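Protein sequence lines correspond, in order, to chains A and B.
According to this note's numbering, the stretch in the first sequence is residues 1 to 112, in order.
According to this note's numbering, the stretch in the second sequence is residues 1 to 117, in order.
Any given hint could turn out to be false.
[Unchecked claim] In silico PhoX-like cross-links for lysine-lysine, where the CA-CA straight-line distance does not exceed 20 Å:
{"#": "1", "chain 1": "A", "residue 1": "Lys-99", "chain 2": "B", "residue 2": "Lys-55"}
{"#": "2", "chain 1": "B", "residue 1": "Lys-41", "chain 2": "B", "residue 2": "Lys-64"}
{"#": "3", "chain 1": "A", "residue 1": "Lys-1", "chain 2": "A", "residue 2": "Lys-99"}
{"#": "4", "chain 1": "A", "residue 1": "Lys-68", "chain 2": "A", "residue 2": "Lys-1"}
{"#": "5", "chain 1": "B", "residue 1": "Lys-41", "chain 2": "A", "residue 2": "Lys-42"}
{"#": "6", "chain 1": "B", "residue 1": "Lys-66", "chain 2": "B", "residue 2": "Lys-14"}
{"#": "7", "chain 1": "B", "residue 1": "Lys-64", "chain 2": "A", "residue 2": "Lys-99"}
{"#": "8", "chain 1": "B", "residue 1": "Lys-55", "chain 2": "B", "residue 2": "Lys-66"}
[Claimed, not checked] Partner residues aside, some chain B positions facing chain A, computed with beta carbon under 10 Å:
{"#": "9", "residue": "Ser-18"}
{"#": "10", "residue": "Tyr-36"}
{"#": "11", "residue": "Phe-91"}
{"#": "12", "residue": "Gly-109"}
{"#": "13", "residue": "Gly-111"}
Keep in mind that the hints were calculated from the coordinates and are not lab data.
Since the model is a prediction, treat every value here as computed from it, not as a measurement.
Cβ atoms here follow ideal geometry from the backbone N, Cα and C, with glycine treated the same way.
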Amino acid sequence: KQEVTQIPAALSVPEGENLVLNCSFTDSAIYNLQWFRQDPGKGLTSLLLIQSSQREQTSGRLNASLDKSSGRSTLYIAASQPGDSATYLCAVSGGNTGKLIFGQGTTLQVKP
Amino acid sequence: GAVVSQHPSWVICKSGTSVKIECRSLDFQATTMFWYRQFPKQSLMLMATSNEGSKATYEQGVEKDKFLINHASLTLSTLTVTSAHPEDSSFYICSAKGQRGLLNEQFFGPGTRLTVL
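Pulled out of the complex, with its shape left as it was, chain A reads as follows (with noise of 0.2 Å):
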């Protein structure tokens, strides 16, 4: 059965600092793997996704790696931001089903 960790649980950075999160997964037969973004009592803005042939995904100031191998996958966030503060949710997806299995979440304070 697969399963998702995510660490750290929280994390508070002073603004302009380069940071990473952290996902592993049990089961490396994965079909691929996104990054979420979830504000308080919202839904899930997607981030990046990655396929299992692809090694790294960048959209702007973000940053994903994949490795299968090990089971693990990072994001790095540049020059962080306040607005970046908010719970990031890494998930993999074990097949042509599509279905999804999600970590716990990071949740991410920027202070100004």
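Chain A is already provided as a structure; the job is to place chain B on it using the hints.
Just chain B now, kept in the frame of chain A:
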């Protein structure tokens, strides 16, 4: 990105009543829709997968007679919480995938906050 809507965005109901939540894909045909539940300070847990025109597939531990799912068209899926109780209070989020975006990419709705008194 593709747009998925949910209605209502929040609902308060009395214990024992039924509540229907709608999930619509506004600009693409969704062959598959997913329903998730999220309790406070927890992550999303998949409840069921519904394919248009067929019965939903429920995850282990989810009562199919309590959470009725209908996916009657390629743009609409509904989740009905029957005889709701306070422990059903949660944030319900749907997602849709289909003829849009990358293969297997899911697009999420904004969620519905259900409070059962």
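Verification of the supplied hints:
1. Lys-99/A - Lys-55/B: 16 Å, holds
2. Lys-41/B - Lys-64/B: Violated: Lys-41/B and Lys-64/B sit about 25 Å apart, past 20 Å.
3. Lys-1/A - Lys-99/A: 13 Å, holds
4. Lys-68/A - Lys-1/A: Given pair Lys-68/A, Lys-1/A holds - Cα atoms ~16 Å apart, limit 20 Å.
5. Lys-41/B - Lys-42/A: 13 Å, holds
6. Lys-66/B - Lys-14/B: Answer holds: Lys-66/B to Lys-14/B is near 16 Å, not above 20 Å.
7. Lys-64/B - Lys-99/A: 18 Å, holds
8. Lys-55/B - Lys-66/B: 15 Å, holds
9. Ser-18: 23 Å, violated
10. Tyr-36: It holds, given that the least Cβ distance between Tyr-36/B and chain A is near 8 Å, below 10 Å.
11. Phe-91: 8 Å, holds
12. Gly-109: 6 Å, holds
13. Gly-111: This hint holds: Gly-111/B lies near chain A, its Cβ roughly 4 Å from the closest one there, short of 10 Å.
Violated hints for the displayed structure, listed by number in ascending order: 2, 9.
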